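Residue numbers (numbering that gives the first Met the number 0), protein chains in the order written: chain A, 0 to 230; chain B, 0 to 232.
Think of the hints as simulated: they come from the structure by calculation, not from any bench.
In this text the structure is predicted, and so the values were computed from the model without any measurement.
It is possible that part of the hints are untrue.
[As the list claims (entries may be wrong)] In the DSSO-like style, the derived pairs of lysine-lysine whose C-alpha atoms are separated by at most 30 Å in a straight line are:
id : chain 1 : residue 1 : chain 2 : residue 2
1  : A       : Lys226    : B       : Lys133
2  : B       : Lys174    : A       : Lys126
3  : A       : Lys63     : B       : Lys9
[Claimed, not checked] Chain A is faced by these chain B residues, among others (derived, beta-carbon under 8 Å):
id : residue
4  : Thr79
5  : Phe90
6  : Val107
Cβ atoms here follow ideal geometry from the backbone N, Cα and C, with glycine treated the same way.
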Amino acid sequence: MDERNFFQQLAFDFTRCFITEDRWQLLLKGILVTIEVSLVAIALGTVIGFLIALCNLSKNKFLKTIGGIYTDVIRGTPSVTQLMIIYFVIFATAPIPKWLIASIAFGINSGAYVSEIIRAGIQSIDKGQTEAGRSLGLNASQTMTHIIMPQALKNIFPALCNEFIVLIKETAIVGYVGLMDIQKAGDFIKSATFSAFMPLFATAIIYYVLIKVLTLGLKQLEKKLRKSDVR
Amino acid sequence: MSFIEIKGIKKHYGEGESRVDVLNGIDIEIEKGEIVVLLGPSGSGKSTLLNIIGGIDDADDGYIAINGEKTANMSEKDLTLYRRKHLGYVFQQYNLIPNLNIKENVEVGAYLSDKPLETDEILKTLGLYEHRHKLPNQLSGGQQQRTSIGRAIIKNPDILLCDEPTGALDYKTSKEILKLIEEVNHKYGNTVIMVTHNDAIKNMADRVIKLRDGAIRKEYKNETKVSAADLDW
Ligand SMILES: Nc1ncnc2c1ncn2[C@@H]1O[C@H](COP(=O)(O)OP(=O)(O)O)[C@@H](O)[C@H]1O
Ligand SMILES: [Mg+2]
Chain A
0 MDERNFFQQL AFDFTRCFIT EDRWQLLLKG ILVTIEVSLV AIALGTVIGF LIALCNLSKN
60 KFLKTIGGIY TDVIRGTPSV TQLMIIYFVI FATAPIPKWL IASIAFGINS GAYVSEIIRA
120 GIQSIDKGQT EAGRSLGLNA SQTMTHIIMP QALKNIFPAL CNEFIVLIKE TAIVGYVGLM
180 DIQKAGDFIK SATFSAFMPL FATAIIYYVL IKVLTLGLKQ LEKKLRKSDV R
Chain B
0 MSFIEIKGIK KHYGEGESRV DVLNGIDIEI EKGEIVVLLG PSGSGKSTLL NIIGGIDDAD
60 DGYIAINGEK TANMSEKDLT LYRRKHLGYV FQQYNLIPNL NIKENVEVGA YLSDKPLETD
120 EILKTLGLYE HRHKLPNQLS GGQQQRTSIG RAIIKNPDIL LCDEPTGALD YKTSKEILKL
180 IEEVNHKYGN TVIMVTHNDA IKNMADRVIK LRDGAIRKEY KNETKVSAAD LDW
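Bound conformation, chain A alone:
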């Protein structure tokens, strides 16, 4: 029987995993990498998603085909594979920082899902709204920006928030291209200390808190948006 009790053991593990050799700094750096990659990917994904949605909704056959292939290929292959192709093949020799390449990969990936969200949001608006816009003498793009989009955004926003959360969790695979994010930092500590419990639970808790904070923030924002709409 071990002479240390459960709590002493816990404290001992904690010290060994996070305090010794300042290992907590690994996790902190990992958090920054995760946030950095996620934020840029979210921004990029939103822009790409919007453009692809316009392609998918366009009457132009060429644009429609491009949009269709894009969503089809991205949704039909694993994100790890996409990340590795973009990192090891497409940007293999490009002088761009690792984290930015990862952001681009996740942005391209997320764009396909965002485009579907935007397309569904636009299509959920009654056809009569387009007819109304056109009959008033607005052209197609004026109808889209002044009449359809403001209504569609209300449906798009919650789904988009969900996509952001999925994206953050997806970035846990950036270790595959040698980036030290939260997941990789946890993994590193696990190998260095031969202890699995502490680092892996720490990783889970950090992701959970990060996503909780984001979710609450977005909920607040959504509430504000709704409020500004009621007179």
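Since the structure of chain A is already known, use the hints to place chain B with the ligands on it.
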């Protein structure tokens, strides 16, 4: 030359097995200031014809000429301008913009028009002035349809197109709306083309056109026109 000339309009949807010939050569001439009622059973192609006249949809064959100007020869940009300048549109389902209040919904109609009417005056005529700050879903069907009429007439269009404007309304409210359309026609002299499947409405028209299976079955000038207030069904 008539004010509106509709000549040989043909339209189909779909291809092969699922092809539907909706309009099979429609010829109509309409004079300025007339109230024209377009009658026909559901699916006879009334909305399609109205959308072609309104430049929202295009025909396979034939042309529409307003004051001698053919819409088929217009570019997309000119068509947009044509709608903006000459047309007001009233839909069965109102199609108001849900996130704008009543006043804003009416003002949207004045957007980029060169000769808009006074918004407040129109709101008062329509009995909507005290509701002007409400959203569409806070009003009754009749009030919403009045708003959509306001939106259509604020730019004082030469042509007012109405697609089953009373289709979603009860008897009393329907008559109110029809009286309003008649009043607008008197006051501003707009040409009105109104689609309906309510046979009684033909009595307030100057000209009646009956459509069946995409063809004109009957067309005549109504010599016994009555006021909308005297309609009954
Ligand atoms: N966008 C469309 N695509 C395919 N078929 C259509 C479309 N619009 C109308 N139709 C068909 O055309 C026919 C006439 O429709 P419509 O003009 O709406 O008739 P009405 O207004 O007289 O009820 C109907 O059979 C309808 O199903
Ligand atoms: Mg119809």
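- Message: Hints numbered earlier in the text: which of these fail when held up against the supplied structure?
- Response: Of the numbered hints given earlier, the structure breaks none, since each of them holds.
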